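Just so you know, the sequences run in chain order A and B.
The numbering used here applies: residue 37 is where the first sequence begins, and numbers increase by one.
The numbering used here applies: residue 581 is where the second sequence begins, and numbers increase by one.
It should be emphasised that the hints constitute simulated quantities derived from the structure, not laboratory data.
Fair warning: there could be bad hints in the mix.
[What the hints assert, rightly or not] Covered by chain A, according to a simulated footprint, are these stretches of chain B (three or more residues, beta-carbon under 8 angstroms): (1) 596 to 604; (2) 620 to 627; (3) 630 to 638.
Bear in mind the structure is a predicted one, so any value in this text is a computation, not a measurement.
Note that CB positions come from ideal geometry on N, CA and C, so glycine has one too.
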Amino acid sequence: MNNVHEDLTLTWTIGGFDLHFSFSVIFMTTIAALIVAIFSIVGARKLAMRPTGLQNFIEWVMDFSRYIITSNMAWEKGGKFIVLAYTLLFYIFVANMLGIPFELATETDHYVLWNSPTSDPVLTLTMAAFVIILTHIYGFRMRGAKEYFADYFRPSPILLPFKLIEEVSNFLTLGLRLFGNIFAKELVTVMIVTLAFAGTVGFVLAWIPLAPWLAFSIFLGALQAFIFAMLSMVYMAHKVESH
Amino acid sequence: MAKGNGKRNLWRSSVLVSAILSSIVGSIVGGVLLGYWLDEQFDTMPLFVLIGLLMGIFAGFYGVVRAVKPFLGDDD
């Protein structure tokens, strides 16, 4: 069980560049996106004044996204980001949960078939890059070029290099935090499950660490989804609001 | 950054802690990476890495100040 996280990759060469497509990431992101889409569409299809069941749940997620935005910026400015916050929160939560009940890998080659897609750094860093690029686009569009560039020199021009470093570090930490947490979660889960197949005693006793660890994994997945959405809105507020 | 009062304090403080941690660690890593890239462009190996490291430390400090500022109370 050494190469647990080996990916089944398809390589496609275009003009000298190798494009690698990881099967598990493509497959699992599609499943996560489908789950989010189905829950959202079914939950919002028959809207009732007295919400029941799924509509209740979707409204609660929506309220939570609104809370994330309003704790960072004024609603007049941040209201348009509610769909972004909702999507990030819901999608990352579902993606983190997918790897908890079981994981699949082929027996001989250890190719991963089913896991949390957020345990792949390429996916999380891509999402972080898109969020950071979006904050710049909206900062530019909502406040104008002059205000946007003046922000790099406020309150003092000495801070310019620090602000540039901050942009790089925001991108790195936003993506790598999510990846690190979920990757560590999957690694420890797989290690405990490996322990269960080590012998009879291990098989009987493995649930003692496994049950609390899986419970903690659910907490961890929810917390990381919240932190990703919250920090995205924090960075958005830094760019969109005038200081 | 989030305002200091309000409910759900465990979740908010976890966001604050991870914002502080990541601005310390991430700024140093980001500064060193930027310095490394500049060094490779200009072929001046240790110079910009060291400058980037120092600036990363200061940028991390600046990030921490920015993150905890709403919680200090004297900011409107």
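### Task
Establish whether the coverage given for the segment 630 to 638 of chain B by chain A is satisfied; the threshold is a Cβ-Cβ distance below 8 angstroms, and no fewer than three residues must meet it.
This one holds; 4 residues, not fewer than the three required, reach chain A with a Cβ under 8 angstroms.
### Query
For the segment 596 to 604 of chain B, do at least 3 residues have a Cβ located nearer than 8 angstroms to some Cβ of chain A?
Satisfied; 4 residues make the cut.
#### Entry: Within 8 angstroms of chain A (C-beta), three or more residues of the segment 620 to 627 of chain B
violated (count 0)
In this structure, the one hint that does not hold is number 2.
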